[in-house]
Amino acid sequence: MSYLLSATCAVPAAGAVLTAALPAGTGEARRRTTKAVALAVSAATLGLAIAVAAAFEPDGPRYQLTESYSWIRSFGISFSLGADGIGTVLALLTAVLVPLVMLAGWHDADPAAPEGSFESKRRTQGFFALILAVEAMVLVSFLATDVFVFYVFFEAMLIPMYFLIGGFGDRAGGPDSARQRSYAAVKFLLYNLLGGLVMLAAVIGLYVVAGDQGQATFSLPALTDAISSGKLVIDPTVQRALFLGFFFAFAVKAPLWPLHTWLPNAMGESTAGTAVLITAVVDKVGTFAMLRFCLGLFPDASKTFAPAILVLSLIGIVYGALVAIGQKDIKRLVAYASISHFGFIIMGIFAMTSQGQSGATLYMVNHGISTAAWMLVAGFLISRRGSRLIADYGGVQKVAPVLAGTFLIGGLATLSLPGLAPFVSEFLVLVGTFTRYPVIGIIATFGIVLAALYALMLYQRTMTGPVKESVTGMPDLKARELAVVAPLVALTLLLGVYPQSLTRIVNPAVNDTLSQVHRIDPAPAHPVAATNGGEQK
Amino acid sequence: MNSLIPLLVAAPLAGAALLLLGGRALDRFGHWIATALAALSFAFGLALFADMLGRDAEHRAVVERLYTWIPVDGFQADISFQLDQLSIVFVLLITGVGSLIHLYSVGYMAHDERRRRFFGYLNLFLAAMLILVLADNYLLLYVGWEGVGLASYLLIGFWQHKPSAATAAKKAFIVNRVGDMGLSVAIMLMFAEFGSFAFGPVFGAAGDASQGKLTAIALMLLLAACGKSAQVPLQSWLGDAMEGPTPVSALIHAATMVTAGVYLITRSAAIFNLAPDAQTAVVVVGAVTLVFGAIVGCAKDDIKKALAGSTMSQIGYMIMAAGLGPIGYAFAIMHLVTHGFFKAGLFLGAGSVMHGMNDEVNMRHYGGLRKYMPVTFWTFLLGTGALIGFPLLSGFWSKDKIIDAAFAKGGAEGWILGLCALTGAVITAFYMTRVVLLTFFGEKRWQPDGDGNLPHPHESPKTMTIPMIVLAFGSVFAGGLFTLGSSFLNFLEPVTGHQEGHPPFNSYVVSVIATVCMLAGVGLAYVMYGRGPVPVKAPVGSLLTRAARRDLLQDDFNHAVLVRPGSALAATLVWFDSKGLDGFVNGLAAAIGGLSGRLRRIQTGYVRTYALSMFGGTLVLVASTLLMRSV
Amino acid sequence: MNPVNYLYLAALLFTIGASGVLIRRNAIVLFMCVELMLNASNLALVTFSRLHGNLDGQILAFFTMVVAAAEVVVGLAIIVSIFRTRHSASVDDSNLMKL
Amino acid sequence: MISTHVLAAVGGNSPSIPAPHIEYGQLSPMLVVFGAALVGVLAEAFLPRRLRAAAQLGISLVGLVGGFVAVVVLAAQGHASTRAGLLAMGSVAIDGPALFLQGVILLTAVLAVLTYAEGRLEPRINGHRIDAFAAQAAAVPGGEQEREATREGLRTTEIYPLTLFAVGGMLLFPASNDLLTMFVALEVLSLPLYLMCAIARRRRLLSQEAAVKYFLLGAFASAFFLFGTALVYGYAGTLRLGEIADVVAGTAPVTPALAVTTQNDALLLIGLAMLAVGLLFKVGAVPFHSWTPDVYQGAPTPVSGFMAAATKTAAFGALLRLFYVAFPGIRWDWRPVMWGVAILTMVVGSILAVTQQDVKRLLAYSSVAHAGFILTGLIATDRRGVAAVLFYLLAYSFVTLGAFAVVTLVRDSKGEATHLSNWAGLGRRSPLLAAVFALFLLAFAGIPLTSGFTGKFAVFQAAAGGGATPLVIVGVLSSAIAAFFYIRVIVLMFFSDPQPSGPAVAVPSTLTATAIAFGVLVTLGLGLLPQYFLDLATKASVFIR
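Note that the protein sequences, when read in sequence, are chains A, B, C and D.
Per our numbering: the first sequence = residues 1 to 537.
Per our numbering: the second sequence = residues 1 to 631.
Per our numbering: the third sequence = residues 1 to 99.
Per our numbering: the fourth sequence = residues 1 to 545.
Mixed in with the good hints, there may be bad ones.
Here are the simulated PhoX-like cross-link-like pairs (lysine-lysine), alpha carbons at most 25 Å apart as the crow flies [said to hold, decoys possible]:
| # | chain 1 | residue 1 | chain 2 | residue 2 |
| --- | --- | --- | --- | --- |
| 1 | B | 579 | A | 328 |
| 2 | D | 414 | C | 98 |
| 3 | A | 468 | A | 398 |
| 4 | A | 398 | A | 478 |
| 5 | A | 328 | A | 468 |
| 6 | B | 371 | B | 444 |
| 7 | A | 328 | A | 231 |
| 8 | B | 371 | B | 537 |
| 9 | B | 462 | B | 371 |
| 10 | A | 303 | A | 398 |
| 11 | A | 398 | B | 162 |
| 12 | A | 468 | A | 478 |
| 13 | A | 328 | B | 537 |
| 14 | B | 444 | B | 537 |
| 15 | B | 162 | A | 468 |
Chain C residues, not near chain D, derived (Cβ > 10 Å throughout) [stated by the list, open to error]:
| # | residue |
| --- | --- |
| 16 | 5 |
| 17 | 12 |
| 18 | 30 |
| 19 | 63 |
| 20 | 82 |
Where chain A lies over chain D, by a calculated footprint (3+ residues, C-beta under 8 Å) [claimed, not checked]:
| # | segment |
| --- | --- |
| 21 | 183-193 |
| 22 | 482-489 |
| 23 | 529-542 |
Keep in mind the hints are simulated off the structure, nothing from the lab.
Glycine included, C-beta positions come from ideal geometry on N, C-alpha and C.
Please model the entire structure based on the sequences and the hints provided.
Structural data, given as structure tokens:
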């Protein structure tokens with residue numbers, strides 16, 4: 001048994017404890033030690049995640065590097081980890097983004113108030129420890145092969161996330177920003193907790209149903225095997241109820257229209273780094289879980305509900321984009337853009353075609369990277385001027401061309417420009433949806449026009465035009481900030497022109513998922529004889 | 001030799017990367033690197049062309065496959081280039097004209113502090129455009145398709161500090177996106193139908209598909225073409241795109257990018273040929289735009305916008321020709337190439353005029369410039385002659401063929417199209433003569449610029465005039481050269497196929513009629529603008545004139561039908577999101593709070609109330625226990 | 001006499017006691033009403049004991065008396081102390097804590 | 001012994017009453033605690049005042065720890081499983097659930113007693129350390145006598161023996177195997193509690209009010225319990241739980257009287273309902289919960305913590321035994337009713353807590369909601385249900401005790417600052433304490449990796465397994481509502497600005513610190529590695545009959 005996966009999860013967890021325990025104090029030196037330790041831990045985690053990806057064999061079994069430790073025998077729970085293609089790439093995404101988020105938020109947790117005030121002396125330690133805690137829990141969620149373990153960490157990650165949102169803002173809000181922020185944090189937590197509790201009922205239901213048929217286990221591979229081999233037969237009505245229980249939680253987290261209203265608040269009020277954690281990492285657990293748990297455990301119910309979910313995701317795509325167009329606040333705009341993107345991801349998953357699901361998985365990664373770039377640069381911009389309002393900016397490209405340039409690249413990635421990573425995934429999702437549901441696929445295509453609208457409108461209003469007085473003298477990106485953005489931009493380009501590096505890992509897992517739901521891709525009406533598109537010379 | 005094909009793209013791409021990522025160190029000579037790389041690409045193109053000519057017609061098309069781009073079960077997208085006769089024509093046009101315009105820009109942008117970036121964008125454009133025409137499948141074509149859109153966006157909005165430029169750039173991108181949507185749907189349709197979207201397989205299997213599917217695919221391709229080529233109804237962006245620096249207008253919005261729609265339709269001939277309904281739509285779009293653009297061109301006082309109207313109109317010709325099917329494809333491409341020469345030349349001339357006139361664009365503020373900038377005048381005049389189809393100049397050959405083909409369509413349809421084309425020819429002659437008269441003839445109507453300085457027109461530097469002269473050569477000779485022994489036609493035939501049209505009358509008759517029409521237009525313009533003084537301030541004009549000045553109300557239409565309802569919808573949804581959905585959630589929370597507040601009142605603090613609730617509870621408990629038994 | 005009548009009586013007493021708790025204000029009276037309920041139970045226990053012919057009910061009745069006595073001790077202590085504070089034995093005066 | 005002789009002398013052929021056989025060893029947990037209580041009374045009477053506090057603490061701890069050791073030894077000897085049995089002539093059952101709950105009660109009592117003895121929170125008076133209890137409980141609040149007692153630094157050390165008596169009752173309550181013993185245990189645990197409520201040092205009016213309310217309502221509830229006992233006795237002709245079950249099941253030998261009374265099911269059903277009322281009152285189930293907020297708020301905070309933890313445990317033990325041993329045969333009658341009670345308890349408890357402004361009242365309503373959650377486990381009517389309830393009680397007891405212990409530390413000049421507005425910004429002033437309280441709140445809310453989650457999972461899983469799926473759904477929904485107010489407190493502590501004249505956090509002695517630390521330990525332990533305790537609960541989930 002290899003210990004690679006548990007190490008990958010344990011390192012950030014231990015790092016969180018360590019960081020939290022570092023000596024308190026508001027002195028610059030103390031703070032710097034804290035940050036360095038946290039960054040080092042996240043870098044080590046990245047190293048481990050890369051090792052996992054390297055050790056993963058695309059042609060091997062679905063779950064690799066598996067580990068299992070007995071945890072709660074009474075309920076058939078073991079702490080089981082295993083990497084499949086989908087989980088591996090998402091774990092990698094998480095590990096990549098966390099150090100960058102830390103670097104971007106390097107000064108976000110510096111005390112705002114003068115020394116000796118009520119401001120906590122452990123603010124910096126707390127901030128970085130919370131980020132590491134989130135990372136650890138997210139990694140476990142991506143790598144867990146036990147439904148219960150997944151559930152536990154899926155829920156538990158809300159708590160550090162909640163403190164990150166509520167405790168650390170971007171200092172750009174109005175006079176009642178503290179109130180707004182705690183409202184956002186509570187809303188985030190309650191929404192997700194409600195989702196999680198509903199899922200808890202379904203998890204219990206699953207256990208009871210499985211237990212009645214002699215499969216009292218939470219092991220995902222065991223359950224899916226039992227289901228596909230017919231050893232475990234869940235009554236259709238029960239299956240639908242359980243599916244909805246699981247799906248509700250994931251749809252809140254993802255978030256799917258109309259359960260999305262917590263996201264703009266949470267992303268708007270928190271720091272840019274936290275917003276990235278939310279939208280690029282934590283929310284991905286929701287879509288990831290739809291793919292792995294909803295489809296794997298409840299294949300028939302998934303098929304039953306797929307059309308309805310597709311319609312909701314379609315609404316989300318168009319609605320998110322339209323509302324983004326109407327936003328006055330930069331970060332809220334990004335949030336609504338994300339809602340639109342999550343519509344695409346969910347659509348890809350429930351189209352139940354290999355293109356759709358591979359596309360959705362890539363989409364999770366690509367959206368994570370591109371939104372991180374877009375949002376973090378927006379954060380840099382906001383931190384310079386101290387305002388989130390679009391109207392407070394104008395002509396930034398003149399004074400800070402690099403900032404403006406990277407912001408534009410983020411925007412272009414968001415609107416899925418070919419050549420950049422999101423295009424690949426978005427197109428795969430659209431094609432995958434279209435082959436099974438042509439009308440939905442076509443309507444979703446409108447999303448690409450709307451995306452161009454909100455992304456370019458934001459760029460135009462903030463970056464172009466005459467230089468506003470309020471932005472004169474605004475410094476361009478600093479070295480630290482460049483170090484954050486550069487890897488993201490590079491990845492966006494790399495995965496745009498060479499997505500194979502991911503598809504190779506992802507495809508087998510997607511095919512396995514599709515076989516679990518007994519779905520095969522719709523065959524072309526008039527297939528090209530013998531040679532397919534790739535082979536002709 | 002085939003390995004040169006990727007290098008065609010790589011050279012300008014490397015230039016773009018170098019210039020955009022490289023620091024200020026490159027400011028001093030970056031533009032020369034870019035120009036050299038463009039020229040290098042042209043040289044590769046020539047070498048490949050020579051190589052191609054060395055093979056017989058059946059073996060001229062080659063495919064160079066680099067790697068599999070997106071491999072998902074059943075969905076294989078390759079990075080793979082196909083160089084055939086059609087592609088090489090475009091490659092040469094793009095890199096040739098592109099190199100010239102790079103050279104021109106060296107002079108034109110000499111004083112712009114962000115010149116390095118400008119050249120980076122230009123190189124980026126070249127790379128994207130080459131991907132577009134070299135792709136061997138629709139998805140890669142789509143990459144180039146949007147890539148040129150990006151470059152266009154960046155270049156139109158190059159002077160970002162001007163709000164009008166930024167707005168125009170965004171508008172161009174978004175209108176283009178609407179067209180791109182068509183292309184993506186077309187690809188999806190192909191994939192669903194054929195399981196592939198590579199040219200070879202799709203064209204090979206096209207015959208199996210149903211008429212309806214093919215029509216749908218073709219119409220979606222047409223939508224894409226309309227966006228990129230500024231055809232009605234997606235034409236509105238082109239006029240605004242003139243906000244970009246003039247070399248951009250010459251390269252992107254006259255010679256190359258805007259003709260991509262024609263390329264797309266011609267490339268997809270195998271599909272269009274099987275979808276006559278879609279072909280009719282193509283022809284209609286082309287004919288309408290042809291007249292539409294010409295009318296707009298007549299009314300504009302802005303020299304670049306007048307030329308933009310002309311571009312629209314000329315592409316209308318090409319689209320129409322492409323819509324005619326095998327009788328028209330080759331002529332569409334031929335006109336495209338000659339148009340590339342003379343329209344680029346005209347734009348460069350306009351840029352040269354502006355360069356000498358303190359960036360003034362209003363032709364009513366020009367006048368009598370032929371003495372001050374002779375090279376510009378002569379090259380411009382030759383370009384005009386070519387455009388209006390002056391006998392023996394380039395446009396004469398290519399446009400005549402199209403008019404010919406239109407009549408050859410036969411029946412009422414043929415007549416309508418032919419007459420449209422002839423009307424277009426009259427108007428073209430009219431507005432181009434108007435441009436020449438207003439700019440180079442008559443009295444000086446120069447106006448002081450913002451700082452109160454009167455312009456001191458002068459001839460432009462060599463870097464600018466040389467490209468103009470080269471293009472003027474093209475404008476004069478290209479058409480004749482292509483027509484000689486139908487060389488162009490024969491060259492393209494393996495790709496586009498050809499079918500000889502049979503117009504109702506001899507093609508010499510058509511030439512004569514077209515020439516007469518052209519002369520009528522020239523004469524009309526002379527009567528209106530050549531004989532008397534031209535008012536500095538535009539007269540109010542007729543209803544049509546006023547509408548034409550506003551681009552025939554296209555913006556007003558879009559605004560009323562799309563933009564305003566769209567932003568109202570966005571605003572409504574924002575309201576709905578915060579008050580409706582979020583309001584519901586908050587309302588639910590408030591309701592629970594309210595319920596809590598109300599329920600709290602039963603906790604009165606009085607022991608006896610508590611006792612009562614216990615007593616009541618006991619009664620209920622007892623009663624329900626009994627009830628359970630009796631049920 | 002039919003023992004069932006005693007049961008009716010017990011039930012009646014119990015109800016009277018319970019009603020008293022609900023109606024009366026004086027803490028002492030309230031408490032007496034509770035005692036009445038306990039004694040009603042005792043009556044029922046004794047009756048049933050007789051009915052079943054075993055002693056369990058009677059024994060419980062004895063225990064109840066002891067418990068009631070203990071309850072009185074505790075209860076009076078509390079009531080008296082609160083009476084000394086408030087100079088009132090009305091239970092309605094004690095409602096500082098509510099909602 | 002004497003009575004035997006007397007009876008024998010009176011009538012030669014009257015049935016002789018056999019000398020009761022008492023298994024002292026197996027009853028030792030209770031005996032030790034009751035013994036310690038008596039020693040405590042003696043100490044109160046004879047020891048000089050200055051020694052009393054320390055001595056009482058020592059006696060209590062010895063008694064409670066001794067009791068706990070006895071429980072552990074009994075369990076180790078197998079009295080929880082194979083050697084479980086009925087003792088003291090069948091009136092006491094020592095079996096798995098009994099020993100498990102006795103262990104929980106004793107441990108919580110130990111921690112509670114530690115918080116009683118906390119002397120560092122109040123400012124010293126004349127060099128005397130004082131605690132949370134009235135200087136002289138009998139003195140009129142605000143009167144001269146009280147001032148004098150306060151000046152002298154007096155302490156109500158009677159609290160210790162009272163607690164020991166209550167604990168004794170609590171130990172007996174879940175172990176009582178007949179209705180008589182159960183009634184007596186109920187009273188033995190209740191009466192000291194009534195008094196303990198009344199002796200807060202601060203806010204004595206509230207304290208007395210709490211006592212009078214608790215007493216009157218408690219007595220009222222006892223009356224119902226007793227009348228229920230009478231009716232059930234009338235039906236079954238016996239007070240033994242096991243024998244009642246036999247009669248209900250129709251397996252008991254039919255006597256003529258039984259033949260008559262068992263015709264009348266109303267006797268049984270009404271009796272059962274009234275018994276349930278008495279016990280549901282103790283666990284604080286709606287609609288018998290109204291005393292909970294007032295009493296928890298008014299009572300001295302350490303006592304509130306003790307009550308909330310130990311009383312609930314004991315009462316649920318009794319409830320379990322009553323339903324599982326005496327009335328399993330008519331579960332189709334009581335289950336639907338208990339469904340209703342459980343739903344009502346969860347929903348009303350959660351909703352009412354939403355708008356509370358006082359932290360102690362908040363915890364009280366939260367305890368009501370938790371009673372509802374535990375009831376869902378009870379309804380499962382199988383071993384899993386029992387095990388789940390046992391585990392939940394273990395988890396809940398320590399969280400709630402810890403939470404109340406934290407409340408004692410947040411103080412201003414008027415004593416504990418229980419109004420929530422005073423808690424604003426606590427997280428910034430004393431992050432550690434706020435973090436601990438937040439942990440307890442999260443455990444209450446049932447967030448994974450805390451004991452609260454494991455407990456909730458266990459009861460819901462048992463309920464779902466027992467076919468009570470709707471209950472589970474109501475349960476998770478009310479958990480969501482409940483989460484709302486726990487989170488509200490966390491928001492207040494961490495994200496609100498502190499009031500300038502807000503309360504300070506007193507630094508406790510090791511006593512309270514131990515109690516809190518133990519609470520944290522159990523909360524995390526049962527959240528992260530619950531297997532051992534789940535096994536324990538499962539092993540202990542069989543009732544002896």
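> Out of the numbered hints, which ones does the structure contradict?
Replying inline: Structure breaks hints 7, 10, 13, 18, 19, 20 and 21.
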